[in-house]
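A.B. asks: Residue numbers (this note's numbering), protein chains in the order written: chain A, 1 to 313; chain B, 1001 to 1253.
Calculated from the structure, these hints are not laboratory results.
Quick caveat: nothing in here was measured; it's all calculated off a predicted structure.
We treat Cβ as the ideally placed atom computed from N, Cα and C, and that holds for glycine.
Among these hints, one or two may not hold up.
Unchecked claim - Examples of chain B residues lying across from chain A (beta carbon under 8 Å, computed):
1) GLU1118
2) GLN1130
3) GLU1133
4) ALA1139
5) HIS1145
6) TYR1185
7) PRO1186
8) THR1187
9) LYS1197
10) PRO1198
11) THR1201
12) ARG1227
13) LYS1232
14) LEU1250
15) VAL1253
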Amino acid sequence: MIWVFIQGANGAVEAVGLELLTKARTLGPVTAFFLGESNDSVLAELGNYGATEVVQLTGAGDALPAAAVAAAIASEARAHDPVLILFSSTYTGRDVAGRLSVRLDRPVLANGVDVAVDGGETTVTNEIFGGTKVVRTKITAPGPALVLARPKAFAAEPAGGSVPATREVALPDAGHAGSATVTDRHTEAASGPKLEEADIVVSGGRGLGSAEKYELVESLAAKLNAATGATRAIVDAGWVPYAKQVGQTGKTVKPKIYIACGISGAMQHLVGMKDSDTIIAINKDPEAPIFDIADLGIVGDVHSVVPKLIDAL
Amino acid sequence: MNIIVCVKQIPDPANPYSLDPETHLLIRPEEQVLDDTDRYGVEVGLQIAAATGGSVTLVSMGPAGNMQGIRQALAMGADQAVMIDDAGLRGSAALNTAKVLAAAIREQGFDIVIAGTESTDGYTGVVPQQIAELLDVPALTFAKHVEVDGTTVIIHQQTAAGYNVVRSDLPAVISVTAGVVEPRYPTFKGIMAAKSKPVVTHTAEDLGMGDTDPGQAITSVDDATEREGGVKIEDDGEAHAHIVEKLQELKVV
Chain A
1 MIWVFIQGAN GAVEAVGLEL LTKARTLGPV TAFFLGESND SVLAELGNYG
51 ATEVVQLTGA GDALPAAAVA AAIASEARAH DPVLILFSST YTGRDVAGRL
101 SVRLDRPVLA NGVDVAVDGG ETTVTNEIFG GTKVVRTKIT APGPALVLAR
151 PKAFAAEPAG GSVPATREVA LPDAGHAGSA TVTDRHTEAA SGPKLEEADI
201 VVSGGRGLGS AEKYELVESL AAKLNAATGA TRAIVDAGWV PYAKQVGQTG
251 KTVKPKIYIA CGISGAMQHL VGMKDSDTII AINKDPEAPI FDIADLGIVG
301 DVHSVVPKLI DAL
Chain B
1001 MNIIVCVKQI PDPANPYSLD PETHLLIRPE EQVLDDTDRY GVEVGLQIAA
1051 ATGGSVTLVS MGPAGNMQGI RQALAMGADQ AVMIDDAGLR GSAALNTAKV
1101 LAAAIREQGF DIVIAGTEST DGYTGVVPQQ IAELLDVPAL TFAKHVEVDG
1151 TTVIIHQQTA AGYNVVRSDL PAVISVTAGV VEPRYPTFKG IMAAKSKPVV
1201 THTAEDLGMG DTDPGQAITS VDDATEREGG VKIEDDGEAH AHIVEKLQEL
1251 KVV
C-alpha cells in the first residue's frame, strides 16, 4: 500500500500531486490523502492518475494545517500500515512530512528524485553536489518509509483510472501546536507564465550587477513569453523575491529553453535547472561552470548582449 | 524573552564538497563557516531581543572544529551558544538532529525558536518542523517578514501564490527565508566580544539521547551522467545573433 499526500489548488489538484501519483502507482495500490476543496473533477483526476482510494482530510479551516494533518495521517498509518508515504517538497508537504516523522518516529528522506520499493524495503535516489553525484539511500527503519520528492522528479501521465472510492477523515484538534492561524491571504499579481510550468525560463544572477538590471531579464522574458527566475545570490541580496529562486533551496525547473543571464553556475543553482532541454548561457567569465552544461554559451557582458538580443527579437 | 536561534557550521560553499569514500559522510574541515542562511535567523533574533529586552541563545549541532562559524554568529550579537558535538551523531539524519536540538532547546527554555528554512549543505528542509512537533508548538515556516507583539508572533509566510499573514501565540518555532531582514555585519567590537561569550558544549548523552541509529543507510554513490557542454562563442558585438538563430531553430521565434 502506497500513500501520497496531495493538496488542492484553486479547486483542482496541485500539479506536483499528479507527478507523485504517476510514480506511486508503479509501486503498488495508491491511497491519496487529499487536503483541499474536493469535487467530482478532483476525484476523477486523482483516479485518472492512479489513486484507487481517496481520503479527504476535512476541517482545516484557517489554521495552518500541518500539525493536524500529521496527527490524522499518523493514526491512519498505525491502523493500516502503509509501506511508503510520499510527499512533494512543497511548503505544506515539508511541514506535514517533518511533523509526521516525529509522530511516527521514522526518518524522512528529502529531495528524492526517484524511489523504489522492493520486498517492503524502500530506496531513495538523491542528486547531490549540484547533481554531479547520485546517491542511493536505503531506509533501514521499520515502515512506513517517509519520502519527500522534488517537484519535477516524475513526469505526470494519466493512467485512465476510474473514479476512486472515497472516505472522509476529520482533522483532529492538535492543541497549541495546531493553533497558528492564517489571518489574511495575499496573491501577488503574477505576470506571464508560472516559473515551474513555463516552456521558457529566463534567469538572472549576480553578473547583472545591480537590482535595477534585473529589468533586462524581465524584458527578455516578456519578448519570449517566458517566466523569470533567479539565483540564490540575488535573492539573498534582496533584488528579487524568494519565489523566483531556482536551485537546491528554491524551485526545480525543466523548461524547453533556459536562458541564464550573468549566472556563473554554482552547484546550488545547477541542480535546479540542469535538466532543461536546451540551456543558453551568457556570462563574462569564460571559465564559469555554467558553460560546462550550456548548449550555447556566449562569453560576453550581459549588459551588451541581452539588450541587443531583445532588440533583435 | 528567551530567543533561540538554530545555526549550523558548514564547510565553506565556495570550495567543492566531497564525501568520505568509506563512510559517505561530508568531509568537514576544522574551519567551517556559519551557514549563510543562518545570518537571517540570527538577525531576526537580535531584532526581537532588542525590541523585547530578551536574550539570544544559539543552538547548534555538529563537529565544533575551531568554532569559527559559531563565533561569527556571536560576533553579530548573540549572547551565548550551546554546541552539541558528539562523534556518535555523525551522519545523523534530520530526525535525530531535530531530537538533539529540541532537547537542548527544552533544557535552555524558550519563547521563540528561529531557524533557516534549510541548511545549505544538507538541505532536507524539515528540521524546524520536526523541532516544533517535538516541542509541541506551532511551526510558522517560510517567513519572509516577522514581528513579535507581546506574546504573539505574526509572520508573512511565503506561498506559491504570494504570501499569507499567519498569527500564533508564543511559544512557537519560525523558519525564515533569505531576505527576511538585512543581516548586520559584525563590528570589530562584536568580534572581540565574541571571544569571551559563553559557549556550552554537550554530548548526546548529556541530553538524554538514547538510540541514535539514523534508520537509513547510503548504499551507493555514483557519478551522474554528465551533460555535455555545447558551443561556446566569444562575443564580438554580434553574438546575440547566435542566440536568435538558436531560438529560431527551436521554433520559438
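A.B. asks: Does each hint hold? Answer for all of them.
C.D. replies: To see whether the hints hold, each was checked on the structure:
For GLU1118(B), the interface hint holds, since its Cβ comes within 8 Å of a Cβ in chain A; the closest pair sits about 6 Å apart. Interface restraint check for GLN1130(B): the shortest CB-CB distance to chain A comes to about 5 Å, inside 8 Å, so the restraint holds. With 8 Å as the threshold, the beta carbon of GLU1133(B) comes within range of chain A, its nearest partner Cβ sitting at about 4 Å, so the hint holds. Evaluation of the ALA1139(B) hint against chain A yields a held restraint, the C-beta minimum of about 6 Å falling below 8 Å.
About 11 Å separates the beta-carbon of HIS1145(B) from the nearest beta-carbon of chain A, more than 8 Å, and the hint is not met. Interface hint status for TYR1185(B): violated, as the beta-carbon distance to the closest one in chain A is roughly 14 Å, over 8 Å. Checking PRO1186(B) against chain A: minimum C-beta separation of about 18 Å lies over 8 Å; hint violated. Proximity of THR1187(B) to chain A is violated relative to the hint, the smallest CB-CB distance being about 21 Å (cut-off 8 Å).
About 26 Å separates the beta-carbon of LYS1197(B) from the nearest beta-carbon of chain A, more than 8 Å, and the hint is not met. Given hint, PRO1198(B) at the interface with chain A, is violated; its Cβ is 30 Å from that chain's nearest Cβ, farther than 8 Å. Hint on THR1201(B) is violated. Least Cβ distance to chain A is approximately 25 Å, over the 8 Å limit. Annotation: ARG1227(B) was flagged as interfacial toward chain A, and the flag holds, the nearest CB pair being 5 Å apart, inside 8 Å.
Interface hint at LYS1232(B): satisfied, since its Cβ lies 4 Å from the closest Cβ of chain A, which is below the 8 Å cut-off. At about 6 Å, the closest approach between the beta carbon of LEU1250(B) and any beta carbon in chain A falls short of 8 Å, and the interface hint on this residue holds. The interface hint given for VAL1253(B) holds, since its Cβ lies 6 Å from the closest Cβ of chain A, which is under the 8 Å cut-off.
Checked against the numbered hints given earlier, the structure breaks hints 5, 6, 7, 8, 9, 10 and 11 and satisfies all the rest.
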